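Colleague: Just so you know, the sequence shown maps onto residues 1 to 115 in this note's numbering.
These are calculated hints, taken from the structure and not from any lab test. Just to be clear, a hint being listed does not mean it is correct.
Label pairs and their in silico Cβ distance ranges [said to hold, decoys possible]:
hint : residue 1 : residue 2 : range
1    : Leu75     : Leu42     : 25 to 31 Å
2    : Val105    : Ile53     : 14 to 20 Å
3    : Leu42     : Trp76     : 24 to 30 Å
4    : Ala34     : Leu75     : 17 to 23 Å
5    : Gly49     : Ala91     : 29 to 35 Å
6    : Gly103    : Ala32     : 24 to 30 Å
Everything numeric in this text was worked out from a predicted model, so none of it was measured. Just so you know, even glycine gets a beta-carbon here, dropped at the ideal spot from N, CA and C.
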Amino acid sequence: MVGNAFLATQNTRKTEHEQEETSSMWFQHDGAPAHYRIDVRLHLNATYGQQGIGRGGPVLWPALSPDLNCLDYFLWGYVKSLVCETPINSAEDLASHIAAAAGEVRDAYLQTLPL
Numbered sequence: 001m002v003g004n005a006f007l008a009t010q011n012t013r014k015t016e017h018e019q020e021e022t023s024s025m026w027f028q029h030d031g032a033p034a035h036y037r038i039d040v041r042l043h044l045n046a047t048y049g050q051q052g053i054g055r056g057g058p059v060l061w062p063a064l065s066p067d068l069n070c071l072d073y074f075l076w077g078y079v080k081s082l083v084c085e086t087p088i089n090s091a092e093d094l095a096s097h098i099a100a101a102a103g104e105v106r107d108a109y110l111q112t113l114p115l
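Input sequences plus hints: build the corresponding full structure.
Modeller: See the structure below:
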């Protein structure tokens, strides 16, 4: 069920601009069952090629690893602080706050993080 929803959200990225962006992106997942389904893994491998990190992916990362990564160490806390700066009144409001916060994360800032 969750795997189907995940695939549905992934399959909405079809514009040429988004495909170009995807070619320079890395995808990291935590090995959750929804990400480990064979159809999801095939989709992720087709979309991200060798730029996938996680259980069963091209770059292995143990499922539910206690190791902190850049996302755990910095990104989620930073995004949360931006999202929660102003009150959120609806699910749509939350989605727009998240999108705006994600836009605040600059490549140069991310490049300063240890990998």
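Colleague: A separate judgement is required for each hint: does it hold in the structure or not?
Modeller: Here's how the hints hold up against the structure:
{"no.": "1", "hint": "Leu75 x Leu42: 25 to 31 Å", "verdict": "holds, 27 Å"}
{"no.": "2", "hint": "Val105 x Ile53: 14 to 20 Å", "verdict": "holds, 18 Å"}
{"no.": "3", "hint": "Leu42 x Trp76: 24 to 30 Å", "verdict": "holds, 27 Å"}
{"no.": "4", "hint": "Ala34 x Leu75: 17 to 23 Å", "verdict": "holds, 21 Å"}
{"no.": "5", "hint": "Gly49 x Ala91: 29 to 35 Å", "verdict": "holds, 33 Å"}
{"no.": "6", "hint": "Gly103 x Ala32: 24 to 30 Å", "verdict": "holds, 26 Å"}
The structure agrees with every numbered hint stated previously.
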